[in-house]
Amino acid sequence: MAVTPTGSPAWTRTVSHVHYGGNTDKANYLGRGAIDPITDVAAEEFSRQACDLASVTRTSPFAVITLLHNDGPAAAPTIESVLMMTGVRLTSYAGDAAPTGFPSAARNGDGHCTITFSASYLDDYSVTGSFAPISGIGTGHGADFVDVTVTPSGSTVVVRCFDQSGSPLANIRVTIRVW
Amino acid sequence: MFGALGGVLPLRLGGTAENGQTAAQHARACADLLAVYRTAPFASWNYTKSGGTVTITSYIGRNGVGLAHAPAANVNGTGDVTFRWVDASGNPYHVYENELGELIPFMLRTADAATPSGATARKATVTVAANSVRVRTFAGSGSGAAVDTTTTVEVWGDPFLATRAIGDYGGDLEKEDSETEGRAPYAAHILRELQEQRGTAYTTTPGRLVDVENVALARFLAATGPRLAEKLRANATPGRSDERLDYWRRYLAVPTKPGEPRWRTRQKLAAHYRVAKGATREEVTAALEELLGDIFVSVSWDEGASLSVPPTPTYWPDINPGPAASSLGGGAWLSTRAHLFVLVQIPAGLSVGEFLTAMNVDMPQLLDRMLPATKTFGWATSDGFILDGDPGSEIASASFLDFDGMGEA
Chain W
0 MAVTPTGSPA
10 WTRTVSHVHY
20 GGNTDKANYL
30 GRGAIDPITD
40 VAAEEFSRQA
50 CDLASVTRTS
60 PFAVITLLHN
70 DGPAAAPTIE
80 SVLMMTGVRL
90 TSYAGDAAPT
100 GFPSAARNGD
110 GHCTITFSAS
120 YLDDYSVTGS
130 FAPISGIGTG
140 HGADFVDVTV
150 TPSGSTVVVR
160 CFDQSGSPLA
170 NIRVTIRVW
Chain U
0 MFGALGGVLP
10 LRLGGTAENG
20 QTAAQHARAC
30 ADLLAVYRTA
40 PFASWNYTKS
50 GGTVTITSYI
60 GRNGVGLAHA
70 PAANVNGTGD
80 VTFRWVDASG
90 NPYHVYENEL
100 GELIPFMLRT
110 ADAATPSGAT
120 ARKATVTVAA
130 NSVRVRTFAG
140 SGSGAAVDTT
150 TTVEVWGDPF
160 LATRAIGDYG
170 GDLEKEDSET
180 EGRAPYAAHI
190 LRELQEQRGT
200 AYTTTPGRLV
210 DVENVALARF
220 LAATGPRLAE
230 KLRANATPGR
240 SDERLDYWRR
250 YLAVPTKPGE
260 PRWRTRQKLA
270 AHYRVAKGAT
280 REEVTAALEE
290 LLGDIFVSVS
300 WDEGASLSVP
310 PTPTYWPDIN
320 PGPAASSLGG
330 GAWLSTRAHL
340 FVLVQIPAGL
350 SVGEFLTAMN
360 VDMPQLLDRM
370 LPATKTFGWA
380 TSDGFILDGD
390 PGSEIASASF
400 LDFDGMGEA
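Keeping their order, the protein sequence lines are chains W and U. The first sequence begins at 0 in numbering that gives the first Met the number 0 and counts up by one. The second sequence begins at 0 in numbering that gives the first Met the number 0 and counts up by one.
The set of hints was computed from the structure by calculation and includes no laboratory data. Predicted model only: the values in this text are computed from it and were never measured. Ideal placement from N, C-alpha and C gives every residue a C-beta, glycine not left out. Heads up, some of the hints might be wrong.
[What the hints assert, rightly or not] Between beta-carbon pairs, the in silico distance windows are: (1) U:D301 with W:A74: 52 to 60 Å; (2) W:R57 with U:E173: 39 to 47 Å; (3) U:K230 with W:R47: 46 to 54 Å; (4) W:S119 with U:T375: 35 to 43 Å; (5) U:A337 with W:R57: 53 to 61 Å; (6) W:S129 with U:P312: 42 to 50 Å; (7) W:R57 with U:G169: 48 to 56 Å; (8) W:G108 with U:P322: 33 to 41 Å; (9) W:G153 with U:H93: 56 to 64 Å; (10) W:R57 with U:L342: 52 to 60 Å; (11) W:S119 with U:L231: 54 to 62 Å.
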């Protein structure tokens, strides 16, 4: 019988140390601590591990995406790499032909695209967790000034690239982080 | 189970909220650790540039914390710096040593940068190469001219980003609480028995000499008694084997790759072990499930609606000639009834390399052995096409190798 993990996947941001077996009353069995620190893991050490894992799970980005806007000729952005909590894709793909499990991207205009995520994803044990972007940060690549904005909206984030005068920039490569 | 009586590694899953970790909790820890491992940066650092001088003020990386682990900075011009990891001689390197002393080759994948301090608006851009990142900083308003400033850089890139699996952390879809020591370790039962036997004249206070002797004896008896028997039982089949994995690998003659993780070897051996049970449909399906895990979708045989009417293409000289186009020549016969079709998918967490190894190396090794010589086999994703078509032009061009099938978005 397959094991069902406790709690919900990391990106639901609902995890606590309890889901990993942490407990504020955690104690070594019958109060007898580790004998040999090289071979034993004591309750105190395990508690720290559970607590720290919960803390980084709550703050880690859901996705780190590098994409290239295709504005001349106009086409869907090329997703060059995706590091997601649910999987890693290091082979590029066209934004309008996203592989299963990875976000799609549609061109709205010069340096302007919408990245669409699924409303839910499965973790490595096939447990479903809903996902809706809550924030994002972007950086442009290259030799010239780029101002990147990332706006979450529903299950999408909208990415826009501007020059220093506020005009849209075309054919820009950006890296965005999404929480 | 934690503590001197049960907490000696390996940790045995089970116990109560106060003194154990259950299989479900362990599974959550494995899944979440994997999730954050995938998106966590390789490194981040702060630097300040002033003219020809770049001062890295802090560095946090998977290769270590502190300036000793930071990349070297090379000034290209105003607001323009290239960071590259170099060895003591100044030569570029693509390998770092982790805390376990393992040499890890790495390649940067992407980066971002921001200008976190100062009263003036600033912007930064990045250009990423294999082991270097170039950062340019600009005035955030007005001219947008290049300027020197204080900047934070983050980079991503680790060879294991795409290949880490829950198995690397001891995770397994079939993980369960220990039936024997999940609630109370063997040593606890034996300790209680020893204390009873010795009677009230001997102290049971933890830390006293008699108690220490009792605990040591209890652990010794637990290790050489019930634990040894349980270990023997577990190692009797490859699916639960640990110390004897190498024995099973030799006995079943299953090839392994250099550096293959033990959980993957165990998975393959368990699948091959099923060969002994014969090539029944149930065993073939179960063996493929065991070998391929999340990759596996289904198996099927094209049998046709009637036994006396073989499905096309079937070609058997003199018996069932079938369409001439199906002849292989030389009197050979073929039938889709003798062909096993394995439908698979590529899970999001799996790299293309790992997927192709499973499909084109591991699965043929299993099925070549398991199926009778008359049976052939093949695999495909989705509708049977391995190459994906551009959805805009249907079959006009083969696009990225994403195993989504022809013409699917």
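Hints and how they fare:
1. U:D301 with W:A74: 52 to 60 Å: 40 Å, violated
2. W:R57 with U:E173: 39 to 47 Å: 29 Å, violated
3. U:K230 with W:R47: 46 to 54 Å: 30 Å, violated
4. W:S119 with U:T375: 35 to 43 Å: At roughly 39 Å between Cβ atoms, T375 (chain U) and S119 (chain W) fall inside 35 to 43 Å, so the hint holds.
5. U:A337 with W:R57: 53 to 61 Å: 54 Å, holds
6. W:S129 with U:P312: 42 to 50 Å: 47 Å, holds
7. W:R57 with U:G169: 48 to 56 Å: Taking Cβ atoms as reference, R57 (chain W) and G169 (chain U) lie about 23 Å apart, which means the hint is violated.
8. W:G108 with U:P322: 33 to 41 Å: Violated, since G108 (chain W) and P322 (chain U) (Cβ atoms, about 55 Å apart) do not stay within the stated range.
9. W:G153 with U:H93: 56 to 64 Å: For H93 (chain U) against G153 (chain W), whose Cβ atoms are near 41 Å apart, the range 56 to 64 Å is violated.
10. W:R57 with U:L342: 52 to 60 Å: 38 Å, violated
11. W:S119 with U:L231: 54 to 62 Å: 44 Å, violated
Going through the hint list in order, the structure does not satisfy hints 1, 2, 3, 7, 8, 9, 10 and 11.
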